[in-house]
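K.L.:
Sequence order for the protein chains is A and B.
In terms of the working numbering, the first sequence opens at residue 1 and continues consecutively.
In terms of the working numbering, the second sequence opens at residue 1001 and continues consecutively.
Because the hints were derived from the structure by calculation, they are not lab data.
Some clues are possibly wrong.
Chain B is nowhere near these chain A residues, computed Cβ spacing over 12 Å in every case [to be verified]: (1) 57; (2) 68; (3) 235.
In the DMTMM-like style, the derived pairs of lysine to aspartate or glutamate whose C-alpha atoms are separated by at most 20 Å in a straight line are [said to hold, decoys possible]: (4) 1215(B) <-> 1301(B); (5) 132(A) <-> 195(A); (6) 1215(B) <-> 1382(B); (7) 20(A) <-> 34(A); (8) 153(A) <-> 1345(B); (9) 153(A) <-> 1343(B).
All figures in this text were calculated on a predicted structure; none of them were measured in a lab.
Positions of the beta carbon are idealized from the N, C-alpha and C atoms, including for glycine.
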Amino acid sequence: MSVLEIRDLHVSIDTDQGTKEILRGVDLTIRSGETHAIMGPNGSGKSTLAYTIAGHPRYTVDSGSITLDGEDVLEMSVDERARAGLFLAMQYPVEIPGVTVTNFLRTAKTAVDGEAPAIRSWIKDVNASMAKLRMDKSFAERNVNEGFSGGEKKRHEILQLELLKPHFAVLDETDSGLDVDALKIVSEGVNRAKENTDLGVLLITHYTRILRYIKPDHVHVFVAGKVAEEGGPELADRLEDEGYDRYLSAATDA
Amino acid sequence: MSTQAPESPTALPEGQHGLRRHSDGAGAFVPVQTRSERFRSTSVGDFDEVTGREAVWKLSPVDRFRDLLAETLDGGPTPIDVVSAPGTTVAWVDRTEARTGRAGTPEDRAAAAAWTNTEQVLAITVDGESDENTTVRRHGFGSAPRAAHVVVEALPHSRGTVILDHSGTARLTENVEVVVGEGAHVTVVTVQDWDDDAVHLSSHFARVGRDATLKHVVVSLGGGVVRVNPSTHLAEQGSGVDALGVYFADAGQHLEQQVYVHHDAPNSRSRVSYKGALQGTGARTVWIGDVLIGRDATATDSYEQNRNLVLTDGTRADSIPNLEIETGDIAGAGHASATGRFDDEQLFYLQARGIPEDQARRLVVLGFLIEIVQQIGDSALEARLEEAIEAELRGGSAATAP
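Chain A with its partners taken away, still in its complex shape (with noise of 0.2 Å):
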């Protein structure tokens, strides 16, 4: 059983116009097992909590804490918090010409693992999980995300999900711009990884079409960069009915 923390974080980025204060003290415990849906009208700084946990450079903790287990995740570099367990599914996972899928998939399980997987049981590992993912064989002799579309650029998140094996799981906005099909396959793929490794899940979205498929135990509504209300699935099917605009006006009115 693991654990990430979030405790009163303040984030902020360099602008143009100066440093600009995204996130103003987000509390947020999530365990293993867990599906936590973090929802939002756009620019409520759904995306900056998920890659502030990964650790992009872009942005500045000002103050709070982020721990795995006891653990400062702000002390550690990106490569490390990965081999702590984390992972960021990516809203728009960069191409990476000259490197092959296979070579990057061995590259990241062998950095995680501290060891080379076996060849021949790893190479069964991708080709299920590629099968199960609708995923062509071709695939795997492609480069990194160079000519996927959409659809394919979010399969190969999961697929690396599925065969990194992460504690905990960020999704950030992982069913923009999927078609249903595309997001049911994603889903399941999502399920799998919960069900065979005990995942615990940040799922980062703007709709609530995908907790149709990926069942939340928490929801959280974030606005102007704190969570502005927490509650049960319920909240989702809620949001679905009245929007956001409830929040807005309230974030307006302060």
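Following the hints, put chain B in place on chain A, whose structure we already have.
P.N.:
Structure of chain B alone, referenced to chain A:
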């Protein structure tokens, strides 16, 4: 196209992109308006002493190879090891009018010096069709200044690959002619894997015949000064060239390539793609890409690009694409040049998957360069070059510092 310029020696007129006709300073100050009008001669005496300010030399470290610009040079044969494909012959032959001068004529003093001083030509003739390669290993040039002349001829309808593989030390200026007969498809690769002190000035001239194609690959990894300037004349209809290059400059290395493609016939096609990496103080690369689409070259299709990846401070990459089009009826013409630092988003992506920073950097750089290597089409050579590039990356502690 040429215009008369004022004949005042104090106000040298600059032509398009700073080019000047025979700017070695021979009195007539007529700016070169098109690339095809540059001064040419096979005789070293027709070129003035090099000042280093000439358009063709101004980006080169001339003082590092003055000896190769001399009137007289040793042009005798040098040791070669040959592994030849069936149908391909490699031999030293006397230079005759019939054999040389078919693909091009020197445009600078170093190439003319090589031409003037070479008695015997290394003749490589590709006949028949073979999937096997011919590799000519050239080494043992020694440290005295030398001249050489190579002629690669692909007979009509032949198919093959010729690899010129350079190692050891050298002070060499040379001309390499590539004559591609009609319907032939030939690949010519020149690998510069010299010792650190080597200087290699090489002008390649290719003439591509009707419905023939040339794949020309320049790989420059080792050597103090390596300057390989490939010119391709797409002389007949339906001819094509893929001009590829990959280079990796370390501290103190100067790697240069002036690439010229002359579309001179209808339906000709060219793709120029050069990629380089620079690492370490004083690492210097130069890429000049000239594409001329002549008046008769209708329905041509051309694209040239150069990309440089700067890995450390203290390096300099020059990248100069030029495109001249003299006909309105073309299928496509484009150029691109980009010189940039490492893409931090790529680094973040790989690190976010647990891959340590130094390893992530190596993956990205190798991936960037290997894209060219993968197009050579020879798996043994590709594997060797991949290893050589990895060794370059390991060698540079600055690139892998945390």
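K.L.:
Determine which of the earlier numbered hints do not hold for this structure and return their numbers in increasing order.
P.N.:
Violated hints: 1, 7; rest satisfied.
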